[in-house]
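S.K.: The primary structure of each chain is shown beneath.
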Amino acid sequence: MFKAKKSLILLFTFVIIGLTLPSLVQAQAYWTSMPPYNVLWPLWSPALSPGGTPLVTSLTKNTILPVQPGLVWNPTPPAGLSIPWPIYNAPSTLGGGLLYFDLYYGLNPWPPSYMLNSATGAPAPLTPPVGYTFLLPTSLKNYGYLIPLANSVFSYQYGVPLTSLLTASSIWGLPPL
Amino acid sequence: MGKKRTCYLIILFMAALLLGGFQVTQAQTNWTAMPPYNLLWPLWSAVQSPANASGTPTPIITSLTRNTVLPVQPCLAWDPYWYTPGVGLPWSMGESPPWLFYNTPTGLVFFDTVYGINSWPPAKYVNPTTGAPNPISLLPGYSLLATTPATLPINKAEYLFSLGNLSYLLAYGNALGVSPSSLLTAAQVFGLPAV
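Here the protein sequences come in this chain order: A and B. First residue of the first sequence: 1, per the numbering used here; consecutive thereafter. First residue of the second sequence: 1, per the numbering used here; consecutive thereafter.
Simulated from the structure, these hints should not be mistaken for lab results. Even glycine gets a Cβ: it sits at the ideal position worked out from N, Cα and C. Mixed in with the good hints there might be a few duds.
To be verified - In silico EDC-like links for lysine to aspartate or glutamate, alpha-carbon gap of 20 Å or less:
no.: 1; chain 1: B; residue 1: 156; chain 2: B; residue 2: 79
no.: 2; chain 1: B; residue 1: 156; chain 2: A; residue 2: 102
no.: 3; chain 1: A; residue 1: 141; chain 2: B; residue 2: 95
Said to hold, decoys possible - Sample of chain A residues facing chain B (criterion: CB under 8 Å; computed from the structure):
no.: 4; residue: 136
no.: 5; residue: 140
no.: 6; residue: 145
no.: 7; residue: 148
no.: 8; residue: 149
no.: 9; residue: 152
no.: 10; residue: 155
no.: 11; residue: 156
no.: 12; residue: 162
no.: 13; residue: 163
no.: 14; residue: 164
no.: 15; residue: 167
no.: 16; residue: 174
As the list claims (entries may be wrong) - Per label pair, the in silico range of CB-to-CB distance:
no.: 17; chain 1: A; residue 1: 94; chain 2: B; residue 2: 53; range: 36 to 42 Å
no.: 18; chain 1: A; residue 1: 28; chain 2: B; residue 2: 63; range: 46 to 52 Å
no.: 19; chain 1: B; residue 1: 144; chain 2: A; residue 2: 65; range: 23 to 29 Å
no.: 20; chain 1: B; residue 1: 192; chain 2: A; residue 2: 127; range: 43 to 49 Å
no.: 21; chain 1: B; residue 1: 33; chain 2: A; residue 2: 124; range: 35 to 41 Å
Given these sequences and hints, build the entire structure.
M.R.: Quick look at the structure:
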């Protein structure tokens, strides 16, 4: 009788853990890998992943972003020293195409050459680290200046109005002023 | 005789303490509250608070409203509590980067690293029903908070002026014919020696 009661309690505990664990894991999924290069797209950004669904399904040189800048991350060093990249649409009058801003390399056409097979030109996707979806969101405290800097450079180089670009507050989902 | 000497010594000691105390207090008064929103104005910046005839730092403006016209720009001001409430906000009290203010024909605008360039003041400082100023309640000791140059390792505000000035020029200044060289640099506001 006592043994049966103990077994029931154990079973109940396992059921509770089984039910709560997936939701805990779900809550910690901050990034998804974006084909064809497997750069990480922020699920934590309400502007770039509304309702947890990324705004784009792939990120090629011809992808058109519904809002800009997007933000992607290559977590495998040494590329970009793990600093995320704001990405932009070049105006169609200037040839179009996707651009990415790197703190060290400036604004350049997407993708970086190391993500392409040098012989065939086909995508050479990254291999994200195990557990990449659980990597912490980009720290606004450390990279607060990245978005205004990238936006200013893009606006200056391509003549896109600065006020049309997302601010860090929109990307990080902060309350309005 | 010995008692008298002790008294003199005590008086002398107290006078020294008093004078020293005044000097310490004077040296630590880094900020003053600027009406009507009680934003902190830097007394430590000679360009924004030049010394008056008696040597006291005096702000170049007396209030910071939408219609204030800044004699020089950008001007730096600070809400030390801006990012404190809420979840996931990046800075703790007293760590947030300051704001830079600029003139436009339609009123003051301010640059925030996270929110970009916006019209002054933010909704948070205005009573939604009456439209009257909703000033910050400053805690005692606010005037002694560390200067912006002293907090650079925390808030990385060394990038603030280059970015604020560039954003202002792109959003307003270029169209208004503002010369980039007319805008103050961090060095000028911080009072660094010329290069």
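S.K.: Could you work out which of the previously given hints the structure breaks and list their numbers from low to high?
M.R.: Result: hints 4, 14, 17, 19 and 21 break, sorted rising.
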